[in-house]
Amino acid sequence: MELHTLTLYEAQARLKKREFSARELTESFLARIEKVEPQIKAYITLTPERALKEAEEADKKIASGDITPLTGIPLAIKDILCTKDIATTCGSKILKNFVPVYDATVIEKLKKAGAIILGKTNLDEFAMGSSTENSAFGPSHNPWDLSTIPGGSSGGSAAAVAADECIASLGSDTGGSIRQPAACCGIVGLKPTYGRISRFGLIAFGSSLDQIGPLTKEVRDAAILMNFLAGYDPQDATSLNIEVPDYTSFLQPDIKGLTIGVPREYFVEGIDPEVEKAVREAIKVLTNLGAKVIDISLPHTKYALPVYYLIAPAEASSNLARYDGVKYGYRGGKNENLIGMYKKTRSEGFGTEVKRRIMLGTYALSAGYYEAYYGKASQVRTLIRKDFEEAFKRCEVIVTPTTPTPAFKIGERVDDPLKMYLSDIFTIPVNLAGITAISLPCGFSGDGLPIGLQIIAGALEEKKVLQTAFAYEQNTEWHLKKPTLQTTTSKQ
Amino acid sequence: MKITRHQVEHIAHLARLEFNEKELDDFTQQLNNILTYFDKLKEVDTTGVEQTSHAIMLKNVFREDKVRNSLGLNLSLKNAPEKEGNCFRVPKVIE
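Residue numbers (the numbering used here), protein chains in the order written: chain A, 5 to 496; chain B, 11 to 105.
For reference, chain B alone in the conformation it holds in the complex (with noise of 0.2 Å):
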């Protein structure tokens, strides 16, 4: 086993998601099978070898510190499943 039900169900809370008994079986078997198979990585020999973050090698991006027009507040807004006045409305946040 690579992974196992309990750690699936630590996961699903850090990527903030939640199964049923029936989908953390699936999910734990799924996984276990996917990363049986990535064991195929262990083979090759990556001593000294860079990782590659990205495919073109690109160094840091400056731009000027200007003020650029913004979509603002009613665009901003316009998709928000729940507002308040000039507010995304949450739930309650502090207990």
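One chain only, chain A, in its complex shape (with noise of 0.2 Å):
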């Protein structure tokens, strides 16, 4: 077996058996991106040295004993967080010579916890976007077809993760940009509760919304991930100083008894009665493991992409002010006065969507429209808050579709916003009400693309998802279906 076919938890045991090295675990998957990445194109910078020295301080914790379930893990991090003195781009021209002078939170976590970065992953240009086509370091491509997307906006971390670049990823997820791509990739991504991770040196798109989560080859992994990510920071305001469980506690295969509510409103116009047909298959075997499935309204949900295109793009108009060319990053307009500087600097530093976005949130922020827009968003907000509160009075969790359709082709939605924001409409809903989501395989399409499922619960709740997710996960080989990669021979 090929170490870099390992899972997380599989490659934890048998580093601790001293099956093998850090060094082996790091150089096979060096290896693999050597191999694989001409084709991914999954990262936008790797840190192969690093990487090695990295595994050798973890070869040494674990010849002292030293150990954590990260000890010697290569992973991938999405290119939005900040690592100390290595480049974070945000997939953007307007931060692409940017090299942070301290790392995210996470990042602290995970390197205390003795894992290994391989590298930055690809992703939309600060995460705006369905399919990293917005990237300004070009698309990455699908493993299972690598003419579709991967989804996005973490489409590079989907990638390695499926296309055993990476043991598991970091993703962030605003709208659906961990579930999406994860669905896209045929691999697990969870979505925690606003507020359980810290997001200091995220950097920031849509506050309210922005969580960090982990993308993995299963269900297991994402526990084993979140007993590291999860807990309070006192830099970050907006983390929950609540106790943080041992999430792979939760994986108990049993979910007897277990209600699970349905809503019609996700069976609708625009489904692929292929998706329609694997999540209805996957509601089966849930039911055959002793689960109720009930009948559930959201009524709300048609509002829900709307909304998000409000309050998304009039946050991000204000957190992506900061990039005015005098602090960091690109600047244009030499010879330009102040406002002339400031002008050239975002003009030719960000990209098509990323302007559209600010210009939407400018707008619906901007005197005389705010009411209308922003404010009106913010009202029906709650109001699909409330419609998921009501709904879990009489269930557990909630099934849906991650996505309505599978991976899509690499340009055929690029001319067509409304078309693009449509890709989000089940996943968006979850981010507004700041509650926790999974993704996780549950079929494929007649053109062989992954199809994903998504299991929502409440805020705090990802007990039961990961519960859920897991005895599904256990009944299922879904997740066991790896992707064919013609592979280029290496120059030697």
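Take the hints with a grain of salt, since some may be wrong.
Derived Cβ-Cβ restraints for the label pairs, each shown as a range [unchecked claim]: (1) B/H16 to A/Y106: 41 to 47 Å; (2) B/E94 to A/K485: 56 to 62 Å; (3) A/K20 to B/E94: 49 to 55 Å; (4) B/K12 to A/P257: 49 to 55 Å; (5) A/K65 to B/D35: 55 to 61 Å; (6) B/R78 to A/K65: 25 to 31 Å; (7) B/N42 to A/A371: 18 to 24 Å; (8) B/M11 to A/P277: 48 to 54 Å; (9) A/K65 to B/K12: 35 to 41 Å.
Here are the simulated PhoX-like cross-link-like pairs (lysine-lysine), alpha carbons at most 25 Å apart as the crow flies [what the hints assert, rightly or not]: (10) A/K97 to B/K32; (11) A/K116 to A/K306; (12) A/K113 to A/K20; (13) A/K64 to A/K116; (14) B/K32 to A/K331; (15) B/K93 to A/K338; (16) A/K390 to B/K52; (17) B/K52 to A/K97; (18) A/K97 to A/K21; (19) A/K97 to B/K93.
No lab work stands behind these hints, which were simulated from the structure alone. Don't be surprised by glycine CBs; every beta carbon is placed ideally from N, CA and C.
Bring the two chains, given one by one in their own frames, into a single complex with the hints.
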């Protein structure tokens, strides 16, 4: 068995038994990256020398018995998380040369636990997109079909896991940016409750929606990572000061008596029949395991998309005002006055989608339109949140498709922003409500593309999400399927 | 028309962005399409509904007003596109 195909759980057990070293494990991934990366393009920056050095440190720790479940585990990090001394671009020209002077809290935690960073993964610029096509460094490719998108915005993180270019990765999810690419690439992606993981060092997009989370090969690996990622951080005023449970203790495959709600609003217009069929089959599997399925309604679902595309751009327009060519990043407009310099910097530095959202957000917040757009959207957000509160009085988890269709072709939706936005229609409500959800594989389309199952639970109910997902995974084999990649012969 | 080309130019100025003629046309059309789609929200009766600006109900978060380590001058200036001495260098602000 090749080491790069191992799950995190398997690798940590075998590292502990000294069956192989952290260095050998890391080398296996570096070799795999060299082979498949030319086709996948999952990474923006690779850090092989650092990784090998970190692997040697990990081996020393393992030898001395100073070991955590992450010691010597090679991970990939979405290039929106600040990594000290490693370029952090956000997939943008404006941050092309930005090298953070501190680590994000989650990076600090991973390093302390002995994890190894292989590199920084591709994303839609500033996490704005559903396909990685908005990256200034070019798109990543879906390992299941190189002509399709890997999803986004954490598309590089998802593709890297699916193509065995890392054991697991970190992403961020503002409207589905962990779950949608996980679904497209046939892997597991968890979006934790808002505030569960510190956002310090996560470059901001929509501050009331952004949340960091793991992308993994199996549900168990997501639980292992959560044990290290979750927790209060005084550096993030919105992080929750609530005790962190042992997430691996929730991996109990028994879901007898669990009540699952299936919202009728998620099986309507626009859903691909193959996706619907796979999700209905998955619900049957859960029923056979003893869960009780009930029909529920989330009546404001159809308003989630417009609410999101007002609130997220409004927050983004404010967050992205900091890119002014003064403190860091790209500067344009030599010989211009101050305003001219700002305009040149931002117009040359940002890509089209980012500009579109800044414009939309600035408009929604501008005098005379604030109440009609931002104010109204914030009110409807309350109604969406209440839909979930009502639903969770009757059921413990909600099961839906993660995306309305499997991965689409690269280039197919770039000219139609509204159509692109519809890719996130089933994931957005969860962010607006601040609750938690997971995506895991539940089948394939006729074209061999993965289909994702979304399991949603209330705030801080990661337990229910992980338990239901684990039960499903233990009784199905979708997560064991691997894409066949034609590897290029390495140059000798 | 939800938003005119003239308004798009004004919003661009507020956002410190500038566009060529074609981009202005494209943005005007796209923003109109998107804003028209958003009209859906008008159907919803929100009389008396509170706004959610944040998913979790946080009250003011306080901490001790203590001196802590900061980045320091060198690290703060490290990523500056232009600097001079101990300062960020910017174009002349006062005419």
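Are the Cα atoms of B/K32 and A/K331 separated by 25 Å or less?
Violated, because 31 Å separates the two Cα atoms, which is more than 25 Å.
Holds or violated: B/K93 to A/K338, with C-alpha atoms at most 25 Å apart
holds, 14 Å
Between A/K20 and B/E94, is the Cβ distance one that fits in 49 to 55 Å?
Between A/K20 and B/E94, where Cβ atoms are some 54 Å apart, the hint holds.
That 56 to 62 Å hint for B/E94 and A/K485 (C-beta), does it hold up?
Since B/E94 and A/K485 have Cβ atoms about 58 Å apart, the given range 56 to 62 Å holds.
Agreement of A/K390 and B/K52 with the hint, judged by alpha carbon distance not exceeding 25 Å:
holds, 19 Å
Quick one, are A/K97 and B/K32 close enough, alpha carbons at most 25 Å?
OK: A/K97 and B/K32 at ~22 Å, within 25 Å.
Regarding the pair A/K113 and A/K20, is the alpha-carbon distance no greater than 25 Å?
holds, 20 Å
Sort out whether A/K116 lies within 25 Å of A/K64, counting only the CA atoms.
holds, 14 Å
Compare the distance between the alpha carbons of A/K97 and B/K93 with 25 Å, and conclude whether the hinted pair is satisfied.
holds, 20 Å
At the C-beta level, are B/R78 and A/K65 separated by a distance inside 25 to 31 Å?
The hint (25 to 31 Å, Cβ to Cβ) holds, given that B/R78 and A/K65 are roughly 29 Å apart.
Is the gap between the beta carbons of A/K65 and B/K12 within 35 to 41 Å?
violated, 59 Å
Could one say that the CB atoms of B/N42 and A/A371 fall in the range 18 to 24 Å?
holds, 20 Å
Of the numbered hints given earlier, the model fails hints 8, 9, 11, 14, 17, 18; all others are met.
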